[in-house]
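2 protein chains.
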Amino acid sequence: MKLIQLAKELNLSISTVSKALRDSHEISASTKKKVLAKARELNYEANPFASSLRKQKSKTIAVVIPEIDNNFFCLVIKGIESIAQEKGYHVLIYLTHEEIKKEIAITNLLQNGRVDGILISISNQTVNTTHLEELKQKNIPLVFFDRVADDIDSPKITTDDYSGGFCATEHLIERGCKRIAFISISPSLSISKRRMNGYLDSMKKNGLETDSSMIIQCSNDEEHNNQLIRELLSSTNRPDGVFASVEKDAISSYKICEELKLKIPEEIKIISFSNLRTAALLNPSMTTITQPAYEIGSAATSILFKIIEKKPIHLTLDKTIFKSELIVRNSTQ
Amino acid sequence: MKLIQLAKELNLSISTVSKALRDSHEISASTKKKVLAKARELNYEANPFASSLRKQKSKTIAVVIPEIDNNFFCLVIKGIESIAQEKGYHVLIYLTHEEIKKEIAITNLLQNGRVDGILISISNQTVNTTHLEELKQKNIPLVFFDRVADDIDSPKITTDDYSGGFCATEHLIERGCKRIAFISISPSLSISKRRMNGYLDSMKKNGLETDSSMIIQCSNDEEHNNQLIRELLSSTNRPDGVFASVEKDAISSYKICEELKLKIPEEIKIISFSNLRTAALLNPSMTTITQPAYEIGSAATSILFKIIEKKPIHLTLDKTIFKSELIVRNSTQ
Numbered sequence: 008m009k010l011i012q013l014a015k016e017l018n019l020s021i022s023t024v025s026k027a028l029r030d031s032h033e034i035s036a037s038t039k040k041k042v043l044a045k046a047r048e049l050n051y052e053a054n055p056f057a058s059s060l061r062k063q064k065s066k067t068i069a070v071v072i073p074e075i076d077n078n079f080f081c082l083v084i085k086g087i088e089s090i091a092q093e094k095g096y097h098v099l100i101y102l103t104h105e106e107i108k109k110e111i112a113i114t115n116l117l118q119n120g121r122v123d124g125i126l127i128s129i130s131n132q133t134v135n136t137t138h139l140e141e142l143k144q145k146n147i148p149l150v151f152f153d154r155v156a157d158d159i160d161s162p163k164i165t166t167d168d169y170s171g172g173f174c175a176t177e178h179l180i181e182r183g184c185k186r187i188a189f190i191s192i193s194p195s196l197s198i199s200k201r202r203m204n205g206y207l208d209s210m211k212k213n214g215l216e217t218d219s220s221m222i223i224q225c226s227n228d229e230e231h232n233n234q235l236i237r238e239l240l241s242s243t244n245r246p247d248g249v250f251a252s253v254e255k256d257a258i259s260s261y262k263i264c265e266e267l268k269l270k271i272p273e274e275i276k277i278i279s280f281s282n283l284r285t286a287a288l289l290n291p292s293m294t295t296i297t298q299p300a301y302e303i304g305s306a307a308t309s310i311l312f313k314i315i316e317k318k319p320i321h322l323t324l325d326k327t328i329f330k331s332e333l334i335v336r337n338s339t340q
Numbered sequence: 008m009k010l011i012q013l014a015k016e017l018n019l020s021i022s023t024v025s026k027a028l029r030d031s032h033e034i035s036a037s038t039k040k041k042v043l044a045k046a047r048e049l050n051y052e053a054n055p056f057a058s059s060l061r062k063q064k065s066k067t068i069a070v071v072i073p074e075i076d077n078n079f080f081c082l083v084i085k086g087i088e089s090i091a092q093e094k095g096y097h098v099l100i101y102l103t104h105e106e107i108k109k110e111i112a113i114t115n116l117l118q119n120g121r122v123d124g125i126l127i128s129i130s131n132q133t134v135n136t137t138h139l140e141e142l143k144q145k146n147i148p149l150v151f152f153d154r155v156a157d158d159i160d161s162p163k164i165t166t167d168d169y170s171g172g173f174c175a176t177e178h179l180i181e182r183g184c185k186r187i188a189f190i191s192i193s194p195s196l197s198i199s200k201r202r203m204n205g206y207l208d209s210m211k212k213n214g215l216e217t218d219s220s221m222i223i224q225c226s227n228d229e230e231h232n233n234q235l236i237r238e239l240l241s242s243t244n245r246p247d248g249v250f251a252s253v254e255k256d257a258i259s260s261y262k263i264c265e266e267l268k269l270k271i272p273e274e275i276k277i278i279s280f281s282n283l284r285t286a287a288l289l290n291p292s293m294t295t296i297t298q299p300a301y302e303i304g305s306a307a308t309s310i311l312f313k314i315i316e317k318k319p320i321h322l323t324l325d326k327t328i329f330k331s332e333l334i335v336r337n338s339t340q
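Chains as they are written, first to last, in my numbering: chain V, 8 to 340; chain H, 8 to 340.
Hints in this document: simulated from the structure, not taken from any laboratory.
Being a predicted model, the structure only gives us computed values, none of them experimental.
One or more hints might be untrue.
Straight-line C-alpha distance at most 25 Å; calculated DSS-like pairs for lysine-lysine [stated by the list, open to error]: (1) H/K66 x V/K109; (2) H/K317 x V/K9; (3) H/K9 x V/K66; (4) V/K145 x H/K9; (5) V/K318 x V/K143; (6) H/K15 x V/K145; (7) V/K109 x H/K64; (8) V/K270 x H/K9.
Model the full structure from these sequences, guided by the hints.
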């Protein structure tokens, strides 16, 4: 049912019907009543794009994430959706597949009013942030979560990555590890750098050596990453502990240990940042640093709506840092 | 940068600039050139809603799914996104949380032109399908995947649920199980009914009894479901094999076996439909019936675009049934 048909049915001009539907003062109460009754009868609905154009609101937010087959991001989306649904907003999902090129294409696409705001967790290739700066310049509400761009002045919802990294390493050392490897997803990514700094500081504090062979920089080539982990775990001077900065690399480490017949935790202990639902059921169950992913998603979205609705943001909310939790299981026993 | 500003900069009327940008024949070539040059210089972009209104295309598709913290749906979204990105389309995600009420609210929201097409996997409460019939009546392209509404005449992309259910049960029987329980997610859901029919037929073929105590109907109350599984597994006449129709219930079964100190596979064997990335790493590794989730997502989206683009659909494509794969691991040894 289009506006033109509704007008025809009512024997009124399109302009009159349109004004009546918008409750314009130019239209008499009796005409408005007649128009509304007919609109209801014919199940007429306004075109959302015409409505967006008029109100300059899209009622839509965008979520830009590196990947979706990842328990952390799935739980974040669940948190985002809970707030968006409450607000009557639509949620667009964009995947960068960890490619800066795709991230730029997506943010360019979002510059022209398609969405009222953007939630983003940047790709592991994102070093130059001009494309994000442009969103800011166009006054598009922008909130970072988890993987943030430190140089862009927008709210950032993160986890205590440094403490998490420090705590994971302390835990491995307490359990007797001396040669601890760190598996990083990117040398530039905020979360990866902070987790590594926590690792380095804990090692230093405990007087343990960290040579470069113990730090693995993963890329987007999973086969290559597996090869790096395989070389690490089969070297003569192999680590007795592995701290994976993301779940994917811990899963790879488990698989490679099985392949190499390395016993977890007897010969090598493993800990990882992870939101894996099956962590407790793995063989052996995996010790994790777990982030409150759902809460991160809902908090980031609440702040985004504060900006969209032009409400004041408390400085304390602007950089919310959630606590992660160490869950000790058998992989570090 | 708004159209009005661009017109001001050019010292032209809004109407002229708008027509020039739309390449109207009413505007001279030299004016068009001038307008385009200035638009580029000032980084002017058309409002996507104005553009959608003009073209009657939203360049957006909606994906309606019951939940997102589920490996199957994550992989499906990845497949959907791969095709949508190729086509330059935006992807809206809606979660019904397995509630028919939410599913109706979402489909009502999508009736008025916000999207060019809809991909849906229905909730486990969806029995009445009037809200889906309404989408059809409004000529909104609609494709079902996995959880389909049999009575709605739209393309359906599914897996061979009956064969998968039959094959899972045959496998348990081959491995010596005699009392096999089936855990269903819904008495009404297409996939659940077909998987159960496969189970029932295999049991019958092998001369095994299936009493009602061996069939568990789960609801959306996870605590209650766990209680049902707990009662089943701790009864004196407990099953020696469990066939879970979805991954979530297999994970619960693993946890409850641990709780009850029931040894998998010695005392009880478990098989499940699942796309769990860690299935091979569980204790014990889990035998699964695995669906080609990514391919289901991309196939459903390709067909949706055929409808959107008004291209002919081959009848064979209209009801594509993908094969699932039995992956034997230690939980059924």
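Results of checking the hints against the structure:
1. H/K66 x V/K109: holds, 18 Å
2. H/K317 x V/K9: holds, 21 Å
3. H/K9 x V/K66: Satisfied, since the Cα-Cα distance of roughly 20 Å is no more than 25 Å.
4. V/K145 x H/K9: holds, 12 Å
5. V/K318 x V/K143: Judged against 25 Å, a Cα distance of about 17 Å means the pair holds.
6. H/K15 x V/K145: Between H/K15 and V/K145 the Cα gap is close to 19 Å, so the pair holds against 25 Å.
7. V/K109 x H/K64: holds, 23 Å
8. V/K270 x H/K9: violated, 64 Å
Violation of the numbered hints given earlier is confined to hint 8; every other hint is satisfied by the structure.
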